[in-house]
Amino acid sequence: MNQYSVIKGVGYTLAITPDMVLHNGTTQTVERERNNESEYLKNITSHIRSYEDAVNYIPNQIYIGNEKPELLDEMEFPWYDKKFDGSEKGKFGDIIPEDEFYGLLQICDVFELVKLEEKFSCEVKAKMEKSILGEERASVLDKNGGTSVENLEELVKEEAAAPLYFEGKLVGAIKRAHEIDVNLSAHVMTENLVAKASSVLSILYMLKNNSIEPAEIEYVIDCCEEACGDMNQRGGGNFAKAAAETAGLKNATGSDTRGFCAAPAHAIVQAASLVRAGTYKSVIVTGGGCSAKLGMNGKDHVKKNIPILEDAIAGFAVLITENDGVSPIIRNDVVGRHTVGTGSSPQDVLTSLVTSPLESVGLTLKDVDKYAPELQNSDITKPAGAGDVAAANYKMIAALGVKKGQLDRKDINDFVIQHGMKGWAPTQGHIPSGVPYLGFAREDLMAGKIKRIMIIGKGSLFLGRLTNLFDGISFLIESNPGIEEKKETYNETEIKEIIANAMLKLANEILSE
Amino acid sequence: MDLENQKRVKEFAEKYGKDKLIVLLGAAEGEAAGLAAETVTLGDPTYAGPLAGVPLGLQVYHICEPEVKEEIDPKIYDEQISMMEMVLDIDDIIEEMTAIREQL
Numbered sequence: 292m293n294q295y296s297v298i299k300g301v302g303y304t305l306a307i308t309p310d311m312v313l314h315n316g317t318t319q320t321v322e323r324e325r326n327n328e329s330e331y332l333k334n335i336t337s338h339i340r341s342y343e344d345a346v347n348y349i350p351n352q353i354y355i356g357n358e359k360p361e362l363l364d365e366m367e368f369p370w371y372d373k374k375f376d377g378s379e380k381g382k383f384g385d386i387i388p389e390d391e392f393y394g395l396l397q398i399c400d401v402f403e404l405v406k407l408e409e410k411f412s413c414e415v416k417a418k419m420e421k422s423i424l425g426e427e428r429a430s431v432l433d434k435n436g437g438t439s440v441e442n443l444e445e446l447v448k449e450e451a452a453a454p455l456y457f458e459g460k461l462v463g464a465i466k467r468a469h470e471i472d473v474n475l476s477a478h479v480m481t482e483n484l485v486a487k488a489s490s491v492l493s494i495l496y497m498l499k500n501n502s503i504e505p506a507e508i509e510y511v512i513d514c515c516e517e518a519c520g521d522m523n524q525r526g527g528g529n530f531a532k533a534a535a536e537t538a539g540l541k542n543a544t545g546s547d548t549r550g551f552c553a554a555p556a557h558a559i560v561q562a563a564s565l566v567r568a569g570t571y572k573s574v575i576v577t578g579g580g581c582s583a584k585l586g587m588n589g590k591d592h593v594k595k596n597i598p599i600l601e602d603a604i605a606g607f608a609v610l611i612t613e614n615d616g617v618s619p620i621i622r623n624d625v626v627g628r629h630t631v632g633t634g635s636s637p638q639d640v641l642t643s644l645v646t647s648p649l650e651s652v653g654l655t656l657k658d659v660d661k662y663a664p665e666l667q668n669s670d671i672t673k674p675a676g677a678g679d680v681a682a683a684n685y686k687m688i689a690a691l692g693v694k695k696g697q698l699d700r701k702d703i704n705d706f707v708i709q710h711g712m713k714g715w716a717p718t719q720g721h722i723p724s725g726v727p728y729l730g731f732a733r734e735d736l737m738a739g740k741i742k743r744i745m746i747i748g749k750g751s752l753f754l755g756r757l758t759n760l761f762d763g764i765s766f767l768i769e770s771n772p773g774i775e776e777k778k779e780t781y782n783e784t785e786i787k788e789i790i791a792n793a794m795l796k797l798a799n800e801i802l803s804e
Numbered sequence: 643m644d645l646e647n648q649k650r651v652k653e654f655a656e657k658y659g660k661d662k663l664i665v666l667l668g669a670a671e672g673e674a675a676g677l678a679a680e681t682v683t684l685g686d687p688t689y690a691g692p693l694a695g696v697p698l699g700l701q702v703y704h705i706c707e708p709e710v711k712e713e714i715d716p717k718i719y720d721e722q723i724s725m726m727e728m729v730l731d732i733d734d735i736i737e738e739m740t741a742i743r744e745q746l
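Chains as they are written, first to last, in our numbering: chain A, 292 to 804; chain B, 643 to 746.
Treat the hints as calculated values from the structure; they're not laboratory data.
As the structure is a prediction and not an experimental result, all values here were calculated from the model.
Heads up, some of the hints might be wrong.
If you only want the chain A side, here are some residues facing chain B, beta carbon under 10 Å, derived [said to hold, decoys possible]:
1. 324
2. 325
3. 590
4. 637
5. 638
6. 641
7. 678
8. 690
9. 743
10. 795
Here a beta-carbon is modelled for each residue, glycine too, at the ideal position from N, C-alpha and C.
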């Protein structure tokens, strides 16, 4: 069936992890290594916000779908100091606290690496039994019987385990998976389990909120920014299948797609193509969060006396299926791509990602109702001197429109307002990269409020030190025009017309000879 | 400024000499441009990188400053930079860059 694939459902989740900010965020761990007595480390604790404040934080409420991005247009900036009454239960997925996230880490650990203190574990298990994870998964925590704080201290001190703290107290540890192999160190295992766990959580909410049976899923593509493997195959994978197992997707296999922040857009194009080709009927694209990026801009936030706003591990899951005639279609035939030969100036990049694919199907910039590029929360990036990333993208698209003669220069600001939005996503690399908008886009496209959007993923490949090339990929999503029925029968008049046209064509060919 | 870039700037200054080096910035914000300019002139203000306490005093400009623009082929400037000229707050960038250079 040559029909476009569709966005069938989305899941977005957050785990608020203030202790992991202090102990797992690289800004903090590097500072501790260089200068354990620094003013920053002394001051940071007083800038950590409460779970309630993080839940009620407006950008987080938007991330889980309880509020729409348009709310940010009405709010006075900055947003972190505005009182708001939010909920940890979200339309697209929930926000969970750090203790439950540690429980989830253990549920996702099949190699007995995660240890939790017995009393803490009992309390967490009781909470998790009632959560989306359910009794069966929560029963994994039963194995912590007899684990004391002393045991954990010994693991950390003697066996290089990574400590897990909750409200400042040692409550768990993640052991190394090999004595020598750095790829299986406690540090790496922690980061990989964090990515897996946040991916699992988002998959579970996506399934639940869209009433999808786990057995329906045939393939999973993971697009986070971690790598799992050992010293002989450092990035061997496979996060996708590992998460699928914990999420109970027994009929699914999967694989990992990597491309820094551009990976989610790459993965969705791949998933849409696999489904349209008929290889699989339903594919989940998922990405878990990144503990290393917690508190990444913490120094600037502390210096400017604002809370540490990078205190959440984000995750997302998007289900792509065969055309149901209703859900928005993914135009995998209108894909913008930054190629090896594209060049690296912003002008070259945006031409390849935005105007070239549109021109290929006779569209202009104004034909796209909304663009979703890097949707970083500017509450986080502005105090760190990185400006408003989303707004910068929209201004660049508009400026390109001026260069192309599609816009007047005086209309740049109007274009930004009409075709853009304020960013709300946590600064976790791949997480803000266009995909946070898919949930709202799906709703608005299905409600007929908009007709066409463009997702733009961009990646900074130089970070891997293998190439200085930039990367990016974009694609269109449109409202579903309905499934075109293939016409099987013709009436007499139509048959006569077809024959007449064929004879006319033949006559013309004979005459031209 | 990225620690690796600080290291490279320092090495270039040692290899080619401070007088024979110009640092050309492309930062999208006045503040970020100013911080980078400060790093290669007065030293790393964050005291985190190889240029902490190392006042190289290098000549530093932003690609959108008029002194640089007039040195570049207008056709190439139009192809590579003119779109960003419409986007960036050039006055803010010039102000930040000038303020740093005036301290030299």
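Inset, instruction - Provide an ascending list of the numbers of those earlier hints which the structure does not satisfy. - result: As far as the earlier hints go, 1, 9, 10 are violated by this structure, in ascending order.
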